[in-house]
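Asks: What follows is each chain in one-letter form.
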Amino acid sequence: MTTTQVNPYEDVKPIKPWQITIKDVIADLISVVIVTIATFVTLAVTPMRGKLGFMGALFFYSIIATIVRGFISKKPKSIGSSLSSLFIYIAAGIVVAPVMSILYTIVVRGVKGLSLGIFKHDMGVAVPDSPLNEGGLLHALIGTVEIVTFSTIICVPIALLTALYLTEIRGRFSGLVRFLVQAMSGVPSIIAGLFIYAVVLIQFHGRYSGIAGALALSILMLPTVARVAEEVLKLIPDDLREAGLALGATQWRTVSRIVIPTAKSGLITAVILGVARIAGETAPIILTIGGSDRINWNLFSGQMSALPFYVWRQYLYGGETATARAWTGILVLMLIVMFFFTVTRLLSRRGSRV
Amino acid sequence: MQRLDLAVIHLPFTLALFQLNLWIPDCEHYVPMSTASVSTPTYSIPSPREITTKPRRSDLIFRTVVTAGGFTSLFILGLITFFLGYRGWHILQDSGLHFLTGAKWIAADPDAGTKSNYGIGAMLAGTFVIALIGLIVGAPLAIGVALFLTYYAPEPIKRPLSVIIDIMAAIPSIVYGLWGYFVLMPHAIYWAKLIHKYFSWIPVFEMRDPVFMRSPFVAGLVLSIMIIPIMTSVTREVFAQAPLDRVQAAYALGATKWRMIKAVVFPYGRSGMIGGAMLGLGRAMGETVAVYTVLNISYQYNFQVLFSAGGSVASMIVAKFGEASAVEIDALMAAGFILFAATLLVNLIADKIVSLGKKGR
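The listed protein sequences derive, respectively, from chains A and S. 1035 is the number of the first residue of the first sequence in our numbering; add one for each residue after it. 115 is the number of the first residue of the second sequence in our numbering; add one for each residue after it.
Bound-form chain S, shown alone:
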């Protein structure tokens, strides 16, 4: 009984479908049939939908909103450039090139009648020194770990180790700072003393006074640990993409694992390694709190990396910020502007190197 009811209800639809079927083959020359020929006159065929590629209004709104959202990053970066530049412009104009080369940072003191003298040369040099130490220590380790994870690690170790690398990336920088100050520094001072004892004939390891605390060396070591995760992840991604046929061809020719890596993986992953190292350099240049805790900021050019005097633009901003006057804050904005430009440049080059390598394959 029920089934019959269903059939009766469905009959008109079935017929309508049949009709549709009839005019599908020549739908381009479709002429609407007269509704009279249909057996159930209550159901008329709807006129065919107009087909266009024009987006509906909802889609237009959607696309506009999403496109606008997509350009937010451009907007924010533009705003950062504008505001830092705008606030710091008069300082940059007054100091000129001296702002980049001068080592002193003296705020104007109207009572004593001293004129302001802003220069971040020593800080810039110090930033590069500690970032470079971080890179020299960190990059080989990162490449080693990347190789280990892709080619050497036994299966049960692989997963925990990659989790550990991810944890390294998740640890906040202030934790690295405090750990570096309380735990690493006693050890690092000992290592620094050893280096000084045996390698002091190399100019950078000389000392004017035996003060080993809070030196660029310690800061560089902390930075090297902090930038290992990003370098590892970039390098590892490139290593994992090394073509399997070439890897196996190298093995088939009798290459040992290391020979294979030298012949296939390194040439293939060179751009990834360089790009990853530069990304690490960019991160190291912008580190603030961790460097502040383990580095003695001093306003002088110092390239003796074991001596307790160094510089970092980012840390200087934090150090000077607390008691700065309005004009000095503008000077700090100018310093921030320079730092922003420098890191952006380094990141841009790194990005280009990585993507060039990807395209070349």
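Isolated chain A, as found in the complex:
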């Protein structure tokens, strides 16, 4: 037993070349200042104007500054790397900009027509040109809620069975079924509308109705729900299934009493994602529900309206008030979609924490 061991490397500090030093920060600051000044000077002196000119000049000088810094710091080989970082940051910025612009536009333009009245009235008496405090979108809201609810009722059992086939039966055709679900998710929404039109309205001589719209939307909802549900069911450990079988339960009881309850929150997420996907679908709705300006509670007969259809009709009508109505419709629609979106986020976060 020695008393103390002397560490010969005690004085040696580990170097951390990746750490950001004060020198780097100062260099960053200086180059940002120089680039900004150069941009403003260019805008003042040359005929370049506006946001585009500003962005272009900023971009140009950032590239110059990056290259110059590479040479000053005697690391010319790192220029490529810094340039690509610059491009990638700019790409991320470019992608974020339209989303922010869209959300901002929806709120600013949609608020104009927003009042309690629009949730109390339909467009039965008012015309698109009448002032914003007349009429409302209650009929569209009712239509959307009914149609989306009904397509959920049609779609969820089928989607759940598809997911169960892929995860529980794992039959010979799993690959094929997975591929078909993938293929279905690529079906353009208008095709679903055309298909339902061909079957319900032409083949069976039906009329425009909410049920036709619900059928079309359930086709679009199926792949989303099935794929997410499959992902969720895949996460259930096989131990649970084997434990169920080992206790003498049949597969049916294992699935219904163990697998599905365990995956419940994930499955709910799948359904809500599907709802968020179809709530704003416009093309199939245009082809199938016919549109109406009055409240129609009956899904099975008579023409109906839905929020996307309402927006579409007001937009096509044109004019100031109609456009304002369209934006209000979009605001309500986005509020619904974002509500479901937030719910799925919260649910999946809770699920991942457990």
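FYI, nobody ran anything at the bench for these hints, they're computed from the structure. Be careful, since some hints might not be right.
Taking lysine-lysine pairs in the DSS-like style, the calculated list, with each CA pair at most 27 angstroms apart, reads [unchecked claim]:
(1) S/K376 / A/K1111
(2) S/K168 / A/K1050
(3) S/K376 / A/K1108
(4) A/K1146 / A/K1109
(5) A/K1268 / S/K168
Computed beta-carbon distance windows for the label pairs [what the hints assert, rightly or not]:
(6) S/A433 / A/W1052: 51 to 61 angstroms
(7) S/L470 / A/L1150: 49 to 59 angstroms
(8) S/P268 / A/Y1043: 42 to 52 angstroms
(9) A/L1350 / S/K307: 26 to 36 angstroms
(10) S/P274 / A/Y1043: 35 to 45 angstroms
(11) A/V1159 / S/V325: 33 to 43 angstroms
(12) S/K168 / A/K1268: 19 to 29 angstroms
(13) A/P1271 / S/A433: 44 to 54 angstroms
(14) S/T228 / A/F1153: 25 to 35 angstroms
Covered stretches of chain S (in silico footprint by chain A; criterion: 3 or more residues with CB under 8 angstroms from a CB of chain A, positions within the stretch not fixed) [what the hints assert, rightly or not]:
(15) 369 to 383
(16) 398 to 408
C-beta atoms are modelled at their ideal positions from N, C-alpha and C, and glycine is treated no differently.
Let chain A serve as the given structure and place chain S on it in line with the hints.
Replies: Relative to chain A, chain S alone:
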């Protein structure tokens, strides 16, 4: 007192268990013991359960129902193919190849005595043009964002940015359409004018008339924003799977971040990038409402992308649907059938490319 009661009640069970224990070691040669030897004659040992792998009736029903449910997607896809093909068949037969190449779309008018002339060539070409513009603008951005999210983004930015990408995927297409028309188009027209001013020596940027509104260029820009989420998610998933040992080996050899990405991530994720781009192409080809609002549909071949005339099969269907006669609706069904087949083909190829890349690793 209570405990004693419990013991008395449990005694027979304990004994029965003991008995079970006795015959477990040679259960294959199990001969039922006579119940007389058991100390409590009221409890007889049940005969052993017959063990088979044959599913019970409940399981048979379960498996049948689930398998049937699993094939619904095949059923639906089959029905779509059948009905669209069935309705549009006589149009396709009458027009023949002209349906794919012709640019005119004229419905028969019995009063004027004009014959119908259906051709979606210009629309098909226009669909590919706008989808391609969307891809050219969108794919580099999507790859950039995917790289940013996997390798560049500081931790606090990562989560909000991925939420924003998810929101992009959740925004309905009509919202993109109206935003594109009212907000993006004024800017896009300005950009188009700049491009025309400096690059008009390139054939596709030429103009016959200075009409910049509702051009394929604007539609392509809107589409590029719409397809960024799906391309980003596919590409990002592949980038995130790049093997860590190779990434670190590249760093250890002194590679900068960009060199590492070029040497490891891109070769590894090539199939994901191509497949994601093709999935985006498929989505772009099927977009209806958004394209309708920002594109001036005109029945002529036009490859001058800045000029206000373009085509899109899906938007044409919506545009013509309202006042179409029964025969014209059949023609629209035929157009839908072609669009369906084209998107299915593109998606199939994309799927194959992505899965081939996964298998190759």
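Asks: Check each numbered hint from earlier against the structure, then list the numbers of those it violates in ascending order.
Replies: 2, 4, 8, 14
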